Structures are given as structure tokens and as C-alpha cells.
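Going down the list, the sequences are from chains A and B.
Residue numbering for the first sequence follows our numbering, beginning at 1 and increasing consecutively.
Residue numbering for the second sequence follows our numbering, beginning at 1 and increasing consecutively.
Heads up, a few of these hints could be off.
Stated by the list, open to error - One-sided excerpt, in silico: chain A residues whose CB lies under 8 Å from chain B:
id, residue
1, 44
2, 45
3, 52
4, 56
5, 58
6, 82
7, 86
8, 91
9, 93
10, 164
11, 706
The hints are simulated quantities; they were obtained by calculation from the structure and are not laboratory data.
These numbers were taken from a predicted model, which means no experiment stands behind them.
For each residue, glycine too, the CB sits at the ideal point set by N, CA and C.
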Amino acid sequence: MVNLTIDDKQITVPKNATIYDAAKAAGIKIPILCHDKKLHPFGGCRMCLVEVEQMKGRQIPACTTPVTEGMIVRTMTDEIVKARKMVLELLLLKHPIDCPVCDAAGDCDLQNLTYEYQVNVNRFQDEKFNHAIDYENPLIERDMNRCIHCGKCARICDEIVSYGAYTFISRGIEAKMGTEFDGPLNCEFCGSCVSVCPVGALLSRPFKFKARWWAMDKVKTVCSYCGTGCQLTLGVKDNKVLTTIYDENQGFHNGQLCTRGRWGYQFVNSDKRLTTPLVRKNDKLVEASWDEALALVAKRLGEEKAAGGKTVAGLVTPRLTSEELFLFGKLFKEGLGSDNIDHSAGYAHEALTKGAKESIGYTASPAVIADIRKTGLLLVVKSDAYETHPVIGFEINLGVKRQEVDLRIVSDKRGKLGKLPKAVNYVHKPGSELLLFKALARVIIDENLADAAAGAISGLDELKKSLAGCTPAEVAVACGVSADDITALARDYAKAEKALILLPLGLGYPGHGAELAQALLNLALLTGKIGKEGCGVLLMGEKNNSQGAADLGIYPTAGGKDAAAILDGCASGAIKTLFVAGENPVVSYPGRNRVEAALDKVEFLIVQDLFLTETAEKADVVLPVCSFAEKEGTFTSVGRAVQRVNRAIKPVGQARSDFDILSQLCGALGAARYTDPAAVFAEIAATVPAYKGLTLAGLGDAGAVYPVAGAPRFVPVAGATAAAEPGKFALVTGSALNHCGTLSRYGEGPMLVCPEGYLELGRDDAKALGISDGDQVAVKSATGEIRLKAKVGTRMPQGVVFAPYHFGEQSINSLSTGAPVTWVSIGK
Amino acid sequence: MGENAGIKILICQGTGGISAGAKKVEEEFVKIIAEKGVQATVGKRCDVIKTGCRGLCANDVLVDIVDPELGRVTYDFVKPEEVAQLVEEHIVNRTPLEKRKAKPYYNTFVDQQMRVVMTGCGQIDPDSLEAYLEEDGFKAIEKCVKSMKPAEVIEEVKKSGLRGRGGGGFPTGMKWSFCAASPGDKKYLICNADEGDPGAFMDRSILEGDPFCIIEGMMVAAYAIGCYYGYVYVRAEYPLAIQRLQHAIDICYEKGYLGKNIQGWGIDFDMRIKMGAGAFVCGEETALMASIEGERGMPRPRPPFPAVKGLWGKPTNINNVETFANVRHIINKGWEWYASLGTDTTKGTKIFAVTGKVKHTGLVEVPAGMSVREVIYNVCGGIANNRKFKAVQAGGPSGGCIPAEVLDTPVDYDSLIKAGAMMGSGGLVVMDETTCMVDVARFFLTFTRMESCGKCVPCRIGLKAMLDILESITQGRGKPEDIETLLEMGATIKKASLCGLGQTAPNPILSTVKYFRHEYEAHINEKRCPSNCCKELLLWQVVEDKCVKCGACLKACPSDAIVWEKGQVAYLDKEKCTKCKSCYDACRFMAIE
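All chains should be modelled from the sequences, with the hints used to inform the complete structure.
See the structure below:
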């Protein structure tokens, strides 16, 4: 700790603090324009200048200068105020005074400081800039006339996003923040630059002229897309969510958001929202009253209950709050006496609910997100971890660039993560990852690299037996990775002081099930890399509350049917009533034809959703529900953080929350009825061991991370690789960066950037097939044929193609059947 | 070569020499000596040797003929067609060609100097390792490795009093000791050869004339600090320097003076050249490092200082070319010898690039502490065209102007700063009575505002705002409060800017206001430029009693505004005059005003 004096106040701060940090800690405000706590010090704006007794004659930037013992700092001398005023005068010389039409007004650092320092005259005169405003992209307006050169956009894009869309170009007064060759902006559109811009140089186009900053209510909540659990501030006016607002003090991610979190909020107030219940009459869905619709549902469910509950089933989305999921479980397990409930097509949660459960005794990750930056070696399974959980991707970027984390990527394709400094890519044949990880375990055992404690864990002998035929030399060809690389990776992983494995899960990754999770957990257990800081395996659930759904046991736990069996049951007539809450199996579950046939066949289909989805169109009753912005409750993130969701607006139209609907149905079926999420949370805390001791009020803004404990054991896994079909391409599916599940299709932002599905293929393959970027191509598998736009790039290895799964038209599940790899032929 | 090697013909082939046609002259010498069988005739070997710059580039092509009997004779302005005669008279007939010899001022120019750093420049073939070895080349590093511990080398440099020649004047030994003390086994050494001051070319001349001495200086520093890798950051506008240095590096690798286990001494050192793309700010060490890393050359805040966290985040030591060039002499001759040169606070010699309205422009190396007056009048022959001295701008665009009153200021770091200028890299721009000091300030501001990297507000916008004010003054739109505004802004910009560029850029304004405030006032209050320089303020006319009827003005006028006939006083037609000033510059008799 270091002692110093600022404006006659004695302050003690850690020795790596800057003068700015120290002053802030002491409640002394030093003005800043270019400083951001997330970024490396820049020192460009010169607003934070202070005087330091020991460095007389100069003015010292507070934001870049570390404190030293005995430092005497003055922050508001006449000289300093004069210098700050001059800086503002100079900035205003070039910055247009168009505050009345600038969206940043009210939230503009320059405006606020000008006011604070009372700069009402300017001694200088000059012409303003006349840069053309960049309107070439749908999301970010770049008006470089307003730019004050704080460099934050370039720095955040480089340091955290690792994209590097911006750079200063030219020199002197002509210097400006430019893009590659000064062309229009074309990037990932995460909008990080917009969030940190201190003025109105970078603005959100969808928000343009929507509301003045001060006229909006700011509501803190949690993002409803992926499982990362980013906290979010919504800007609300007139019962509409108009934008997301940057708050650098929110969450582990310091307010940093990805493209969907920042721009994907429009689904909340989308005019496609369902506003009234619908009931099928004469084979047409027509508007109905809540009483009518609910009575119909209650009657049907009552009949099912009376019939013993064996012919009713439920599929629910893990996008609901934990309280709603709890009620859904309650409705089925207590109300209907049915164990036929599932979510995420079954396989997308299996890594947690079966894999982790069997290996370590609980259904959550033995690691948290913060471990990413504390580890020594980070092994990422699939480069897609960046696409499925982009803000976790930012953490990886930061870990590699700031903490020199040794990044290894085992993937069937290359990706953005592989371009990080010193990252090593192991590109394997699609579907062979399980074999590859078994080979790693084999090397660790053969070379005696296992941790001493591993011998005490049960199942080691079985594990060893299961690794027969898995030496690197034996699997090298099947995996497409050299034996030397496999051996080296195994050694590095085992010898690293700390090592963490990331495994993204989701509907697009049918191969990432229980076995893969267990193979990875075996590695961590073998080498003692579990239960310690910076170690473990992070099983990254796809949706905002995937972890909550696993925690609450929203899957068959007493011999009931899982998702696949439920759909089979619908097709065979064994299931007569299907209740779908928020899921859209027609688009997101494998085998579209099969799913559609099943849903067409089932006698009675109840769907509650925000939108009339492809699944809802087949329903007998459709119930309109509230979005996350209209309700209270909790989501549990990948990192086991239980966080509060807060209501920002009143329900849209006649929509009711899933909570209200499920609670009412519970009551109708004789199960306990709840009126308040807090009461449900209290019951969750009382019944789910991990949540013990948590209260809704106690979560506060920060949320709470629950602890895990269980008895580990080695679980041997089989490791068959998909047999290649000669002459065909291996189609692997997954997530596109701008989308998450099928919900983001209703967000304006993501759809502007990525409006439709595509087929990504390598340059050599494209050339051989005579396909150019943007061509429509026919993709045919054993189960179907669709047409997709070709995206030609350098990511895909020869013979492998990729397609995202989110889209309803020409949906990729027409081709896939739930195998990790689908073999397809491609034609024009 | 040895004593009886015979005749050496040294031809200056720095950038100056080559542009004056030195290559042709050399070819001609070689051709004629071969054709005429001169070697056989005189019974001696005749070696034609290209050398680096010897300072007086204005007189290129300079050729020294060194003969064991006739001694060294210098010829200047040598043209290829004169070579035959020179060979015939001087070499064959053994009678130096008196009328083609360099004038006595050349010898004055040379003799008044003290060449330490530039000993090799102009004497040895910069492409020849043998020539360098003959001049005790690589003896310094050998001495270090064999008889001194790294700490002793640093101590030696500390005691010598060597200060950084890049401008700041930070004690070199101290700098080395900081970097040596930084923890870490990977450290970098950088030689800053991004010489950007207008008119300064000492670093270029050293690199062109004696590249091996830089390599050796860096080796010594690397040994002392514990670096194994060095960069030389040279601006790409110095193709010849890059070519010669690269050649020297290649030879050193070939002959085992660079690489692993150098000469079997058990030390490793690798180095490479990094070309700069011409940004002035890249001479600033943090910007330079950013540039080497492939980033945009923009200064970074300090701390952390490069010695702690520099290139690629590792401890880094940066010195200027001239600093490294001093090192081998300090090691070879000992710190006592070096410390005996110069003044109390500035030891050794300093090279100056003297340009402007002085008779003999060029590169001069003098012991620190010589007065500015001596440099200008004794070495460089005083002011050209019989005009009166007004000021000398020292220290490049960030330096200041020294007026006649303080012309006896000794050239050392502290005295120059006291006089309101700075040593900088050693540029001296001499100005005479025709130079307007407001215009001088405007000129330097134009340069610095263009070269501002655009990062910090005071420099990026502040310099432009100051320049706008200066322009309005020189155009007759100045306001009385402008001077105060300039002073106030200048003071703030100096204190508030991020790097050395902004922190010194107001100096030309501040020093000219300090010494020549009356000129500013004349521009603002009387709308008059006392030096007849600012075009917008001038109405040109011929001063009839000064006109000697020579007609020089007529020839110079591009717009037919001068009426003149032989034997007549010239007349200037104000209607046609475009105020281009050509006649004024052409008149040697101050008859145009």
C-alpha cells in the first residue's frame, strides 16, 4: 500500500493504483475524457492533469501516473483549471455544437465538462471539420466531425474485442479515427466502440432520434440471450425498451456487451409479438380471450392428469426464469404426475445433467468465468466458444493478451480465437474430438504425468482400460492431428500449473454431450486441475438460464421421456398432449421433418411464446407471454452466478408472464399456487441444495455465485468417430456470432447484420466446386435438401462446411438428424 | 595498405557528395588511372577510396589526394572533366594544382573543429571492415569483454559524463544502469536514427561515413546492459545510410562480429534495421517503439519508462546515433580523456548541422562549450552576403532563437536552455536581418503542427490554433491581445502535452517573443514587417540611392514588374508586383525594400 496526499486528504491505496484511482477512492473527482478503467492508459485528452509537488514544473496526467509514497497532489490549482479550460476550448474549436440534434446530449462527457468548467467563450476561431458521416452500416453511425480523439473505440476494439476495426490515420489536426483504408465500417458490430464513445461521434443507428438520454428510465437487468450472464441496463420510455445503456460498473464484464446483447433488444417491442391468446378453430388460429384459452388448456391438462399423466409431455425453453422453470416442473411432476419434461432437445444439456453429474456429482461447472483470466493454459474446445458466448470470448482475449494465458484451441475449424497472440490451433477432423481427448488422457497416464491424487479417485482402472487403442499414434489419422501435436498438448496441459477447459454447449452442437464433458473432466481429474482457482472445466450452457434449468432438474429424473422420446411419442401416439413453453423444436431440434411430423400428429399442442413461431403455428392453443424485460425473477449463468432479472416495462398487449400462466395452471390442477417470484425463489433455495441460503433480496445487483461440491470419479467413455462418407462434405452446425437460439431473429440489430442462414466453406473447396462468395448453393443430405448462400473464407478446412442453425427458412435441421456430423453433397 | 601503400584518393561520397556527382568523379579517377597506367608511371599504388561526409557538403565533390611526400591536398567542387588534369598534374607531375585547391576557408573550417565522433567520416571507406579495423575498430568491445565487467563499462560511461545526443541530454551511463537494473532476461537495445529535425543530418552522416562505429557502440551498450538484440530505427528517407549500415551489418555477421559467440568472446548480439516511414514524432522513444512493434507511431505515457517496460513490453534502452558513436572512444581512450573535453556539465564534442544564412553551411564537430559566436564566425565564416546577423535557431523545430545579445552562449545543454533554446539534435539555423522572426516561428509551427501525431489535445489542436494566430499576424490581421494569448497558450501547451514534441513545440514562439517582441508588435500595431519578409505586409520599392544599377532584380522578377535598362536605376511597377520577394532576395545591396 502507498500513502499519498491529494488536495490535503491523506489516502492509502494499493501500489499499482494511479493518481486518478486514488482520487476516486477518496471521493475526489478528476475529469476524464480518454480514460477507461478497462483499457490500457492512454493519456491523450489531458483533462486529468494535476500538479504533483515532487514533479514541479510539469502537469501530470492522473490517469496514467502511478502513485508513489509521499506524493502530494493538487487537483484544482488555478494553473490546472486554466489548462483544462484550454483543452475544452480547443476541443470545442473543432467539435460541432450540434447538441440539440445529437443523441449523446445529456450523456456526453464533453458537454458535461464544458458546463462544469463554464467554458462559455472561445478565444480561438477555426472552421469545423467536414468529414462525411459513415452511414454505410446498419448499426453504427460514425460522425468523425464530433470525434475528440480519445481513442477509446480503437482501444476497446483492439484490446478487448480483438477485432481492430479502427485506427488513427493522418497526422496533426488532420488526424482522425479511421478504418481500414478509411472505408466504411465493416466489423463484428458488437458496438463496444459506441458504448465507450464519450461524445456523439459513434452512435447507435437503431436508437437514433428515439429519445433524449435524460427522458429514459434506466433499468438494470440480465441479458436474455446466451448463458454468459451479462448484466444489462435497458433504456426505457413510454413502455418501450429503446436501447441498451452502457454502465462500466456492471457485472464481471464491466458493462461490455456483444452484438446481440447490445443490439438485439428490439424483440421486446417487436410488432410481431403475440398480444392475445389464439385458439385453433376450423383449423385456423383465431384470437381468443385468456379465459377461453386457459380454460381449454386447463381442461385438457385435467383430462391428462386424470388419465395418469403418462400421455402428456412438456418441452420448455431455458430462457424462462428459474422461478418459471420451477413452476413448469411443478406443473408436470406434481400437478400432472408426469416426468415427461425436457428442454434443449435433451443433448444440449446432457453435458451438465448427465456428464458432470456422473463425473463430479453435480450438474454444474467446476469453474467460473473469472478463472479464464487466472489460468495458465486455456484449452478451448471449438473456436465457436467465441460465437456462442462472445463476452466470454472477450475474457479469453483479455486473458491471452493481458495475463499471457497460453491458449490452445481444439476445433474442427479455425476461428477468431486462433488469431490471438501465440494461440495454437489443433484442427481435427469433424467428430473426432472425443477420440483426441482420450488420447490426451492416454499420454498423461503413459507418461506418468497424472496427479498423485488421481489414484485415489474411483474408476481409474476402468478409465485406463477404456483408453486401449488410444495412443497418439493410433488416433492421429482418425483425428487428423499429428501424434506429436497430441503428445505435446497432453504434456503441456498436464504440466501447466493451472489449466482450464472451455466447452460450449448448445442445440447447434449435438456432439457436445455427456461423453465429451466426461472425457474432459477425466483429463482435469487425472491432472488435479479441478477445484482450484484457474482450473477446471467450464461447461458453457447455451441459453441465458441453461444452468438454472439444469439446477432445477427440468429433465426426466424418474424414468420419464426425454425430448427425443417425447417427439417419438407424439409421432407414435404415445403422447397425446404436448405443452411447449418457449421452445421452437421445428427450427432448432434436429430432424425438422421428423419434428414436424410429430407435432402434426400429436392430438393437442399447447404453445406459449412471445411470437407465432414455426412451432406455435401448429398449436391448438397459443398463449402470448412476456419477455424478460416484462418480468421479475432470476437467471443462473454459465459461471453459476444467480442474478436478478428486473421488470423494465409493463406486459406488451395482453401478454402474461410464463409465471402467471403456469401458476394459474398449477392451481387449476391442484398443485400449489404461487403469486410471487420471491416466494418461488425461497422454495428453490429451500429445495435445491446449491441455492441454499440465497434470498432474492440478498442477490442485490451483483448476484451470487453458488458453491459446488461432489464426489468425483472417472467415467470411461466410448469414442467412436463418425465414418466419413466418401465424396461428401462434413457439415458441422453451430452458432453464428450475431445470433443466439431462434430468439435473436426477432431482434432488429442481429437481423440487419446477419439476416439469413449461410453455408461457410473453404476457398479450395469453393474453387473446386466453382462456387463464389454469395452464390446460392444446394446442400443435400440423406434427410433433405435446402438452398443456402455460400460464404467463402479461410476458416473451414478442406472437406468441412459449417452452417448456423438459427434460421427458420431453409433451416439446417432439415439436413441434420442429431449426429455430430452430417454428410452432405453440395451443388449449385 | 601500410606506409608505402602510396597515393590515396579520398572521394567524399555521403549523400551530399553523391548528389554533387561523386560517383562520376570516382569512376573517372579509376578509369584514368587505369588507362594511363598511372601506377606504373609513379611507381606507387593509387587507391581510389570512397569516404563518408566531411562536413562541408556545399563544396562537394571534395577530393583529398594523400601522398606520402606531398601530404594531404584537398580539392573542392571537383567535376569529372577535371579529373584528367588533376591526375596529370598532381599525381603524375607531382605538382598540386594550386588554383583548384580548396580555398583557405576550407582549412579553417576543418581546423577549427575537433573531430572525435566523426574521425572516421571522410577518412575511411564506410563499406570496408578492414579500414575500420585499422582504425582500432572493435577494440573497444574487445576491451570490454576481456577486461571489464558490464557494471564497470556502465561506470566508465557514467564517469565520462556522456549525455544523450538526441536532445534531452540525459546522462547515458545512468540510462544504461536503469535498464541493466530492470529485472528480466530479455532486453532490447535501440539506436534512434530517426533524425527528423529540418536541416539536421549528423546522424545520417555518421551512418553513411562510419557505420561500424555504431555497431560497436551498440555492442558495448548491449554488453553493459545485458541485451542480445538491437534495432537501428532509421528513417526510410536515408537510403544511403540504410544501405551502408545494412552492408556493415552483413559483413559483421559474415566475419563473426555479430551473431552468436562473437569472435569467440562468449557474447551474443544480433541486430537489424527497422525503417521508419517518415513521421517526425517517431524520434520520440515511445512512439519509436510503437512503430517498431508495427503500431502507429504514437507516444505512450510514461511511466512506465522504456527501461522498465519498453519494446514488446520488455526493458529497453534507446540511444541516439551520435551517442553510440561516442562510446568506443570513451572505452578506448578512457573516461578521463573524454571528461577532459567540454564543460563541467557537457562533456566531449558535439556535432552541429549549421545551415541558413551562413557562409559555409555544413556539419561541424566542436568541443562542447565553444560559443555560438565561434561556431558561426570562426568555423563557418560568418554571415553570407554581407548581411547582419540577427539570430540563430538552435535545437530544431522544438528549439529556440538566440539573438545577437547572447551569441556568446557556450554550446552546452544547460547554457542553451538558459538562453531559451536547446541543444536538440544539434541543428543551428542562422538568420540574418532579412529574416522575420514572426515568420520563423510560423515556419517551425507549420512543421510541428503537421507532425503532431494527433493524440493529445494541446498539441493536436493547440498548435494549429497558435499557428492560425501567427498566420493572422504575418498577414496583417493580428490583434493586440494575440501576443499574450500566444504566451499563455505556449506555456500551457508546454506543460500539458504528452510528449516532447508538444512540450517543446511552442519554444520557437516563446523565444522569439522573448527576444523579438518588437517585431511582433510592428506586425500587429503598425501592420509592418521590419524584415521585409511577410509578403502581405509589403509594398516593394527600389531605394534609388542604394541601387547600383546591376539589373539582378530584373532577372529575378517572374512577373515583369521591374523596369531596368543598363546604367539605369531600376523601377518597380507596383501594379504588376506579386510580392514574391524574388527581387529582394536577389539584391545584394539592400536596395529593395
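| request: With chain B as the partner, please determine if residue 44 (chain A) meets the hint condition of a C-beta pair closer than 8 Å. | output: Where the cut-off is 8 Å and the nearest Cβ of chain B is about 5 Å from residue 44 (chain A), the hint holds.
| message | Take the shortest C-beta to C-beta distance between residue 91 (chain A) and chain B; is it under 8 Å? | response | Hint on residue 91 (chain A): holds, closest Cβ of chain B at ~6 Å, below 8 Å.
| request: Grab the minimum C-beta distance from residue 86 (chain A) to chain B and call the hint holds if it beats 8 Å, violated otherwise. | output: Holds: closest Cβ of chain B sits about 5 Å from residue 86 (chain A), inside 8 Å.
| Quick one, is the residue 164 (chain A) hint okay against chain B at 8 Å, beta carbons? | With Cβ-Cβ at 11 Å, over 8 Å, it is violated.
| request: Classify the hint on residue 93 (chain A) as holds or violated, based on whether any CB of chain B lies nearer than 8 Å to its CB. | output: holds, 6 Å
| said: Under 8 Å is the threshold here; is the Cβ of residue 706 (chain A) close enough to any Cβ of chain B for the hint to stand? | reply: violated, 38 Å
| message | The hint names residue 45 (chain A) as touching chain B; please verify it with the least Cβ-Cβ distance against 8 Å. | response | Result: holds, 6 Å to nearest chain B Cβ.
| Interface hint outcome for residue 82 (chain A) [beta carbon to chain B under 8 Å] | holds, 7 Å
| message | Holds or violated: the hint that residue 58 (chain A) contacts chain B, with Cβ atoms closer than 8 Å. | response | At 6 Å from the nearest chain B Cβ, residue 58 (chain A) passes the 8 Å test, so the hint holds.
| said: Checking hints one by one. Is residue 52 (chain A) an interface residue toward chain B, by the C-beta closer than 8 Å rule? | reply: Constraint on residue 52 (chain A) not satisfied, violated at 12 Å.
| When the least beta-carbon distance from residue 56 (chain A) to chain B is tested against 8 Å, hint result | violated, 11 Å
Of the hints listed earlier, those the structure fails to meet are numbers 3, 4, 10, 11, in rising order.
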